[in-house]
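Protein chains in written order, with the numbering used here: chain A, 5 to 414; chain B, 5 to 414.
Just so you know, these hints were derived from the structure itself, not from any lab. Careful, some of the hints might be misleading.
Note that the list lumps identical chains together, so a pair holds whenever it fits in one copy or between two copies.
[As the list claims (entries may be wrong)] DSSO-like mimics (lysine-lysine), calculated; alpha carbons at most 30 Å apart, straight line:
#	residue 1	residue 2
1	Lys268	Lys249
2	Lys36	Lys347
3	Lys359	Lys36
4	Lys72	Lys36
5	Lys97	Lys347
6	Lys15	Lys36
7	Lys377	Lys36
8	Lys347	Lys359
9	Lys249	Lys36
10	Lys249	Lys38
11	Lys38	Lys347
12	Lys249	Lys347
13	Lys38	Lys136
14	Lys377	Lys359
15	Lys15	Lys377
16	Lys97	Lys249
17	Lys97	Lys72
18	Lys38	Lys111
19	Lys347	Lys15
20	Lys359	Lys72
21	Lys377	Lys136
22	Lys97	Lys359
These figures come from a predicted structure and were not determined experimentally.
There are 2 protein chains.
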Amino acid sequence: MVHPVSPLAPKSFADLPAIAGVRFATAEAGIKYKNRTDVLLMAFDEGTTAAGVLTRSKCSSAAVDWCKVNLPGGRARGLVVNSGSANAFTGAKGQASVQLTAELAAKALGCATAEIFLASTGVIGEPLDANKFAGLLDTMATRLNDTPWMAPAKAIMTTDTFPKLNGATLEIDGIAVKINGIAKGSGMIAPDMATMLGFVVTDMPIAAPVLQALLSRHVATSFNAITVDSDMSTSDTLLAFATSKAAVELINSLDDPRAEIFGKALRDVLFDLAIQVVRDGEGATKQISIHVEGATSDASAFRIAKSIADSPLVKTAIAGEDANWGRVVMAVGKAGEPADRDKLAIRFGDLLVAKNGERAPIYDEVATSAYMKGEDIEITASLGLGAGRATVYTCDLTHGYITINGDYRS
Amino acid sequence: MVHPVSPLAPKSFADLPAIAGVRFATAEAGIKYKNRTDVLLMAFDEGTTAAGVLTRSKCSSAAVDWCKVNLPGGRARGLVVNSGSANAFTGAKGQASVQLTAELAAKALGCATAEIFLASTGVIGEPLDANKFAGLLDTMATRLNDTPWMAPAKAIMTTDTFPKLNGATLEIDGIAVKINGIAKGSGMIAPDMATMLGFVVTDMPIAAPVLQALLSRHVATSFNAITVDSDMSTSDTLLAFATSKAAVELINSLDDPRAEIFGKALRDVLFDLAIQVVRDGEGATKQISIHVEGATSDASAFRIAKSIADSPLVKTAIAGEDANWGRVVMAVGKAGEPADRDKLAIRFGDLLVAKNGERAPIYDEVATSAYMKGEDIEITASLGLGAGRATVYTCDLTHGYITINGDYRS
Numbered sequence: 005m006v007h008p009v010s011p012l013a014p015k016s017f018a019d020l021p022a023i024a025g026v027r028f029a030t031a032e033a034g035i036k037y038k039n040r041t042d043v044l045l046m047a048f049d050e051g052t053t054a055a056g057v058l059t060r061s062k063c064s065s066a067a068v069d070w071c072k073v074n075l076p077g078g079r080a081r082g083l084v085v086n087s088g089s090a091n092a093f094t095g096a097k098g099q100a101s102v103q104l105t106a107e108l109a110a111k112a113l114g115c116a117t118a119e120i121f122l123a124s125t126g127v128i129g130e131p132l133d134a135n136k137f138a139g140l141l142d143t144m145a146t147r148l149n150d151t152p153w154m155a156p157a158k159a160i161m162t163t164d165t166f167p168k169l170n171g172a173t174l175e176i177d178g179i180a181v182k183i184n185g186i187a188k189g190s191g192m193i194a195p196d197m198a199t200m201l202g203f204v205v206t207d208m209p210i211a212a213p214v215l216q217a218l219l220s221r222h223v224a225t226s227f228n229a230i231t232v233d234s235d236m237s238t239s240d241t242l243l244a245f246a247t248s249k250a251a252v253e254l255i256n257s258l259d260d261p262r263a264e265i266f267g268k269a270l271r272d273v274l275f276d277l278a279i280q281v282v283r284d285g286e287g288a289t290k291q292i293s294i295h296v297e298g299a300t301s302d303a304s305a306f307r308i309a310k311s312i313a314d315s316p317l318v319k320t321a322i323a324g325e326d327a328n329w330g331r332v333v334m335a336v337g338k339a340g341e342p343a344d345r346d347k348l349a350i351r352f353g354d355l356l357v358a359k360n361g362e363r364a365p366i367y368d369e370v371a372t373s374a375y376m377k378g379e380d381i382e383i384t385a386s387l388g389l390g391a392g393r394a395t396v397y398t399c400d401l402t403h404g405y406i407t408i409n410g411d412y413r414s
Numbered sequence: 005m006v007h008p009v010s011p012l013a014p015k016s017f018a019d020l021p022a023i024a025g026v027r028f029a030t031a032e033a034g035i036k037y038k039n040r041t042d043v044l045l046m047a048f049d050e051g052t053t054a055a056g057v058l059t060r061s062k063c064s065s066a067a068v069d070w071c072k073v074n075l076p077g078g079r080a081r082g083l084v085v086n087s088g089s090a091n092a093f094t095g096a097k098g099q100a101s102v103q104l105t106a107e108l109a110a111k112a113l114g115c116a117t118a119e120i121f122l123a124s125t126g127v128i129g130e131p132l133d134a135n136k137f138a139g140l141l142d143t144m145a146t147r148l149n150d151t152p153w154m155a156p157a158k159a160i161m162t163t164d165t166f167p168k169l170n171g172a173t174l175e176i177d178g179i180a181v182k183i184n185g186i187a188k189g190s191g192m193i194a195p196d197m198a199t200m201l202g203f204v205v206t207d208m209p210i211a212a213p214v215l216q217a218l219l220s221r222h223v224a225t226s227f228n229a230i231t232v233d234s235d236m237s238t239s240d241t242l243l244a245f246a247t248s249k250a251a252v253e254l255i256n257s258l259d260d261p262r263a264e265i266f267g268k269a270l271r272d273v274l275f276d277l278a279i280q281v282v283r284d285g286e287g288a289t290k291q292i293s294i295h296v297e298g299a300t301s302d303a304s305a306f307r308i309a310k311s312i313a314d315s316p317l318v319k320t321a322i323a324g325e326d327a328n329w330g331r332v333v334m335a336v337g338k339a340g341e342p343a344d345r346d347k348l349a350i351r352f353g354d355l356l357v358a359k360n361g362e363r364a365p366i367y368d369e370v371a372t373s374a375y376m377k378g379e380d381i382e383i384t385a386s387l388g389l390g391a392g393r394a395t396v397y398t399c400d401l402t403h404g405y406i407t408i409n410g411d412y413r414s
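Next up, chain A with everything else stripped away, as it sits in the complex (with noise of 0.2 Å):
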């Protein structure tokens, strides 16, 4: 079944420039879907780094397991992605089937397997059948070129109904470093991990112990700040790759000023990578941004506009254009984090709906309701409890989640 794009697809897609030591290849293997492709081969110089977040799903992948295993080496000569099959729950199956991978992998770049990293996405609970990379993988190894970076990003959608991009170039001791990344995901995606798959290339030369640090500094504000559907994976994998052929020198600790210059680039790449993966949400027609202000701490706001972000009510009320902000009020008092009902206000974008435990004096119901016809949809919950704070991302709940979860499997 072929679900339509997203009505929230950006209108053009990033044009990224090749990025000197990496090179790529696709293919179309047929493991699940026919008639395009669906295993990506990427392939690193010597003396890439590597960094990872992964699931913190108490059911991870086999490849997430094999990742987990390889990333305290942080060094990476290629990648194996492939949809149409999470080899999740697959048990000895699952664990054979990523090192027969990772040796057929090995053996067309010339590396250790400890260099290889993988990834799967798709149904749970089918095996992969890892001979049908027996072959390929060498060929594709003959075809590698280092664009266009749309045919990595189409070759790991699943659901995704756009392929994902985005990508930074910035200047550090006078010379251009690139830093480009790809995403997937549209469903069972929820904050507290990477999101389905990310995975970032720079040719900045950079410490894998920094970029881990980064990465996992970053992560937080970006695709662990996001929600579809408070589904949380088996299979999340975000991957930072750098090949460190730009000419500057390393960045070695997180203390060199540098790393706070790269960091700040990497985040705006890796935000942008989320918020598609929420444009992209299964079924979604409108972005929502949940502002949490005043609360406790920020651990206590996260909490809080992930519990408005994930309700099921907030989010069907969206869809249809409705200013509840009632349901706002639920879901702050279902969030079991410190809230004083008298004390809370809500605003939908800049109009102030509700003020001291009660409807706001100046609510303007023409008003809201005409905002609530936008695309964006920005909610703010002002606790008024101390200076901690916090954003979620989400999309509405609509007709075309429950019809793309209803037979997606069959």
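Since chain A is already given, all that's left is putting chain B on it; use the hints.
Then chain B, alone, in the frame of chain A:
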């Protein structure tokens, strides 16, 4: 907008008997709905004890706050319930509204305001004008009856598509003792609370602290074990009243062996009403029981069961009659509780679908698909870690839920 009656509605309704010591009247106050009763006045004879369980929401309604103050007194003479407005998040106006309602009811029934209990259900944030009850409650007090119980069950409905009643008659000391219960609720239903509204009346002579202890104990496996949409209400209220008119000796202690007997009957009534709420879940087409066994503790089992029951992906798959057990794995994995993927087994009904961390060798797609076409779906997750077990009851997530909640307020 009128929504079709739930396909899970009962074929017939319980014909509850009169209970000595309680009479009631219903009326149309026109608070929100037209041409249907929306106010219930229940009058209890002197000597009636009371117990209750209220929402834990931090944004509780004015009526909930009122009950919190009166419950420790343990005595009841009157109950006023309205549908159409929740009188929640209405600030000082809400407090004044419950104060005036209680005064009007106390005057009509000739008792103290401390013996009046209140509950409101409907839209959040709209002030409730208690002046609508002036005169009305006096008139209602002149036409109190002890049957039919269908009348109060109907007067408290909001988006409910059928009235919810259940009762029990048990023999204690050779005397027939009665328990009657009514409830309402369809959306904004989640564990960790009572239900939206539930009221139980018995003629058993039972001291308020004992009634409270039994109510608190049995709410855990009835109303607190259901979830429709994970959204905890601001107004959840479960109240029990004992008119003490049955000609048996007072139960004055939990050590009285009759407390256990009475408690079991009470539990059956609470459980039946809670299941009726699930079966009238907004948009529901299937009732789902999620059993978790082999967890490290009962509390851990409950949290895992709730994670499965609240997963939109699990609920939409069941709506689509898709035996997508991979989503159950996902929901176990995201619960954050102890779980070992490679010990996990999952059954749909009696059909084993997954075992030892992968698809069961005896998995039968045809039989499992046939099972999913039934109206009652049982899912069991066996963790293989300990003796902890719990069951949570829910319904599927369908287009009906989106339709109902996308246009509820407007």
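Comparing the hints with the structure gives:
Taking identical chains as interchangeable, the C-alpha atoms of Lys268 and Lys249 lie at most 30 Å apart only when both belong to the same chain, with a minimum of 20 Å there against 73 Å between chains. In this assembly of identical chains, Lys36 and Lys347 lie within 30 Å of each other by CA distance solely across copies; the values are 28 Å between and 53 Å within a copy. In the homo-oligomer, the alpha carbons of Lys359 and Lys36 lie at most 30 Å apart only across protomers (24 Å), although the nearest pairing inside one protomer, at 52 Å, exceeds that limit. For the identical chains of this complex, Lys72 and Lys36 are intra-copy neighbours only, at 26 Å inside a copy versus 57 Å across copies, given an alpha-carbon limit of 30 Å.
Only between protomers do Lys97 and Lys347 lie at most 30 Å apart by alpha-carbon distance; the minimum there is 15 Å, versus 56 Å within a single protomer. For the identical chains of this complex, Lys15 and Lys36 are intra-copy neighbours only, at 29 Å inside a copy versus 44 Å across copies, given an alpha-carbon limit of 30 Å. Taking the shortest alpha-carbon separations for Lys377 and Lys36, only the inter-copy value of 25 Å comes in at or below 30 Å, while the best intra-copy value is 38 Å. Taking identical chains as interchangeable, the C-alpha atoms of Lys347 and Lys359 lie at most 30 Å apart only when both belong to the same chain, with a minimum of 7 Å there against 51 Å between chains.
Taking the closest pair of Cα atoms, Lys249 and Lys36 never come within 30 Å of each other, the shortest separation being 37 Å inside a single copy and 68 Å across copies. For the homomeric pair Lys249 and Lys38, neither the shortest alpha-carbon distance inside one copy (37 Å) nor that between copies (73 Å) is at most 30 Å. Proximity of Lys38 to Lys347 under the C-alpha cut-off of 30 Å is found in neither arrangement, the shortest distances being 56 Å within a copy and 34 Å between copies. Taking identical chains as interchangeable, the C-alpha atoms of Lys249 and Lys347 are never at most 30 Å apart, the minima being 54 Å within one chain and 46 Å between chains.
Taking the shortest Cα distances, Lys38 and Lys136 sit within 30 Å of each other inside one copy (14 Å), while across copies they are farther apart (65 Å). Within a single copy, Lys377 and Lys359 get their C-alpha atoms as close as 23 Å, which meets the 30 Å cut-off; across copies the closest is 48 Å, which misses it. When the C-alpha separation of Lys15 and Lys377 is checked against a cutoff of 30 Å, the pair qualifies only within one copy, where the shortest distance is 20 Å, while the shortest distance between copies is 42 Å. Taking identical chains as interchangeable, the C-alpha atoms of Lys97 and Lys249 are never at most 30 Å apart, the minima being 38 Å within one chain and 67 Å between chains.
For the homomeric pair Lys97 and Lys72, the shortest alpha-carbon distance inside one copy (18 Å) is at most 30 Å, but the shortest distance between copies (57 Å) is not. With identical chains, the CA atoms of Lys38 and Lys111 are at most 30 Å apart within one copy only, with a shortest distance of 27 Å there and 75 Å across copies. In this assembly of identical chains, Lys347 and Lys15 lie within 30 Å of each other by CA distance neither inside one copy nor across copies; the values are 42 Å within and 47 Å between. In the homo-oligomer, the alpha carbons of Lys359 and Lys72 lie at most 30 Å apart only across protomers (24 Å), although the nearest pairing inside one protomer, at 47 Å, exceeds that limit.
In this assembly of identical chains, Lys377 and Lys136 lie within 30 Å of each other by CA distance neither inside one copy nor across copies; the values are 48 Å within and 35 Å between. Taking the closest pair of Cα atoms, Lys97 and Lys359 come within 30 Å of each other only across two copies (13 Å); inside a single copy the shortest separation is 57 Å, beyond that limit.
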